[in-house]
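Chains as they are written, first to last, in my numbering: chain Y, 1 to 285; chain X, 1 to 389; chain R, 1 to 329.
Think of the hints as simulated: they come from the structure by calculation, not from any bench.
Careful: at least some of the hints might be erroneous.
Claimed, not checked - Covered stretches of chain X, going by a simulated chain R footprint (3 or more residues, C-beta under 8 Å):
| no. | region |
| --- | --- |
| 1 | 58-67 |
| 2 | 111-120 |
| 3 | 325-335 |
| 4 | 365-374 |
Stated by the list, open to error - Calculated lysine-lysine pairs in the DSBU-like style (CA-CA distance at most 35 Å, straight line):
| no. | chain 1 | residue 1 | chain 2 | residue 2 |
| --- | --- | --- | --- | --- |
| 5 | X | Lys159 | X | Lys182 |
| 6 | R | Lys140 | X | Lys93 |
| 7 | R | Lys87 | X | Lys247 |
| 8 | R | Lys87 | X | Lys215 |
Virtual Cβ for every residue (Gly too), placed ideally from N, Cα, C.
The primary structure of each chain is shown beneath.
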Amino acid sequence: MTIIFDGLAAGMLLFLISVGLSVTLGLMNFVNLAHGAFAMLGGYVCALLLSRAGVPFLLAVPIAAAVSAAVGVVLERTLYRRLYGASHLDQVLFSIGLNFMAISAAHYFFGAQQQPFALPDFLRGQINLPGLDVGIYRLFLIGIGLILAVGLQWLVSYTKFGAQLRASVDNPRAARGLGINVGRAFTLTFALGSALAGLGGALGIEMLGLDPSFPLKYIVYFLIVVAVGGSGNIKGSLIASLMLGLVDIAGKYYLPQAGAFLIYVVMVIMLIVRPQGLFGRTAAK
Amino acid sequence: MRQLKSSIAAAALAFFAAAGAQAADLKIGLILPMTGPFASHGKQITNGIKLYLAQNGDTIAGRKVQLIIKDDAPGTSGDVSKRNAQELVIQDKVDILAGFSLTPEAFAVAPIATEAKKPMVVMNAATSSITTKSDYIVRTSMTLPQTTAPIASWAAKNKIKTVYTIVADYGPGYDAEGQFKKTFTAAGGQIAGEVRVPVNSNDFSPYLQKVKDTKPDAVFLFVPNGPMGIAFMKGFQERGLAQAGIKLIATGDLIDEDVIDAIGDPALGVINSFHYSEAHKSPENKAFTEAYYKAYPNDRPNFMAVAAYDGMRLIAEALKKTGGDADAEKFIAAARGLKWMSPRGPVEIDPATRDIVQTVYIRKVEKVGGKLQNIEFDQVPEFKDPGKQ
Amino acid sequence: MAIIPSPVDLAPLRRAPAWRTAEYICWLLPVAAYFLFPTSLSLLSQMAITGLFALSLDLILGYAGIVSLGHVAFFGVGAYAAGLLAKYGYGDPLLGLAIAGTVAAAVGYLSSFLVLRGSDLTRLMVTLGVAMMLFEAANKLTEFTGGVDGLQGVDMKPVLGLFRFDLYGKTAYWYSVAVLFVFFWLARRIVHSPFGLSLRGIKQNVIRMPAIGAPVHARLAAVYTLGAAYAGVAGALLTQTTQFVSLDVLSFPRSAAVMLMLVLGGTGSLYGALIGTLVFMTAHHFLSNLNPQYWQFWLGAVLVLVVLFARDGIMGIAQTVIKRVRGKA
């Protein structure tokens, strides 16, 4: 029982740190491998607010997301915008370049060591039920993840903004013809993706640690989730994350010899069975 | 006028004297990961070296020291390390190769040291067999079995009968696991279970759950220092394993001064064996740590900085004996059997193996003046690397 | 001669255009470099090796349009094959290259069945997954591969029984450059053969190719296998010239780096792979020597600027410049 709970929590963490990438890659069709850099930014903002300014955790997390979003907007306006029409490979080159710069900058300003980070007391520890030990922070992550998933799904599928955004991606010219401000829709979406990255980064420090090599260290995990879930699909990302988390944790408990193989085996098998991802749009490029 | 003349004469004399005594610069080539996941290693090691030079002057046996740093990040790719060593030898014409934070760096460069006949001072890499890879290697850090065996003997002596071992799933992890099991079972202990965790795992919940279900007296942990250790200790606390009566024992690299603050309070009470603690009580260490904080107020001195500091000291002492001659044969002959008082305690270069002999301490993490420290309470003096016996 | 048909028809391979003056000059550069930079030969040999690796990726990415983040798998397989062979007494370099290439090709052929389906993103991740599994396997088989500590005892015999690998890297340099040249020459022939042209056709329009009778899947599998063999040879070269195999030969960063070099140089032209490697590694070398701690920042800045101002890589700029010059003339 505890294993299932832990698996769900691990999956939810995967979802939180990669859903931002699913938004930019899937909705905007932009391969933003600098996603991890935005997450790292959120992480540092949160860790520093906590340790140096004494800001409470629950306030520091939204600030971290907001700062990431703000930086995202600035970069979108100045740099990213020029590359919407570029090939995916150029986007990869560009965003890896940004990653390198972010890594060095973090190294320069904050040093190479792990950042100290402590959760507030009310999020620590476990609640012991019969047959089930519930980690409080894990429960917190699951809660936030579910709220986000529902919120995002609603935003993209049922609001006017979501409709405008989908129209802008599918056919920018027609969308512009209909009076949709395509540039603004993209900027907002990019800000959303960055905010989600920052949020994931801030919430993830407890379990992932935080040092300057963060952006490249976890890039593989982000990509796995997006590929398995089908890009641009919130529901797909969520289910894929939860599945991967469960398989990973259960595998480590019952079959520790399999070690790191398991997650890759699962990914490859799933991609062979469903090459477009769990809920991928076949029309997506 | 006469005054001026004499002062000119004095200046000229001083100038010529200096020029006459001035031998060629002593070039030391450092091969270290300065960027990437092990960037903090490079930082601590260069800190240690520069601190020694700042304290003792940058002239050794009449030769001015010149450091040439090569980044071979990530430090795990032998080809880059080897290329850097070749360049240092051929292009920069260094006299001594030093640094080497990770084992592959040392393994890849060892043949160059042999072929180019350059002394090679290993300042961190801890695989036991490194010093056997070239006759010109001398090590000032530690070996993995050297820091692992004492905690196993200590555990067996202190009412810990069953231990669950958790190690990272890679070479050094296997070595630590093997050494711990060997020493612990020889002393009458029992292994309750063992598991190898993929490198870069950050969620230990399934393993900790299994430990909790097995109920051993203690868990022995060995993982590369950094996020893995931090995640483990946080999980250990979250799951209340300490309250369930399970102790955590480890080697000290897991909670060295560079990561201990990032772990925070969950580190309290961890018992570990290691050769250096910032809290080591000795006049040498007091002087060292004070100077370190003065030079690098944002960092805490750790074992890598000390090993590098001692490495520089070894170079200086050996060259004093050879009269500034860095010829590999002479240098190594001078280094064999050198003894000095390091900030970590008394150390000696084993004349037979060129490896370091030092006191290994058993410590417990406590809070001293609001700062987490490893407090030493037991020790194994003059401990040689058991991996070579 | 021509009357007796040879069992293998080599005629299509002879269709490559004649060598241009610029190309001759390009291949004189390595010779010049030997005399100009006699103290940096080990860096130059590693450039040649990485160049061959980038070339192998260009074959599958630039010519056939298969994106791969796991190309390092074949590089690593080749590196370990050559290393293990030498360790167990078969240290002849050319034999090592041949076997490493063959083993890598076999692995490439087998994995081609997994890879050649799905969208770009799927392919990226499946190739990556295959590489990561090999990485984990090499990590776990410590007894056999040396794990993270690296494979030691790689004892190479002299090249052709004559030239010993020396400290200054002279043998390593000529050997790497010679192998690179031979394989480049072969690749040049292949991409201009009907087979190569059919690959470009597939890249441009995969739906129409079956209509003109081109077996798409078989062609892609063939080029994937070929690319794997090339990568295996490059890996073997690295092992042989450094006499050491680190686990890093299978790592993700190496995969990503070679992709960067190729895109930087420009995909789909064999010289792009070489120029990209040259520029990337030179920049890396100088920046990391100037500023060992923060060089990554400047390298990142270079990449960003290249993408913003030079979309099609360095070859793209070169072509634009040439066109302009010709247009004016």
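Outcome of the hint check:
no.	hint	in the structure
1	58-67	violated (count 0)
2	111-120	holds (count 4)
3	325-335	violated (count 0)
4	365-374	violated (count 0)
5	Lys159(X) <-> Lys182(X)	holds, 18 Å
6	Lys140(R) <-> Lys93(X)	violated, 39 Å
7	Lys87(R) <-> Lys247(X)	violated, 44 Å
8	Lys87(R) <-> Lys215(X)	violated, 45 Å
The structure fails hints 1, 3, 4, 6, 7, 8 (numbered hints given earlier, in ascending order).
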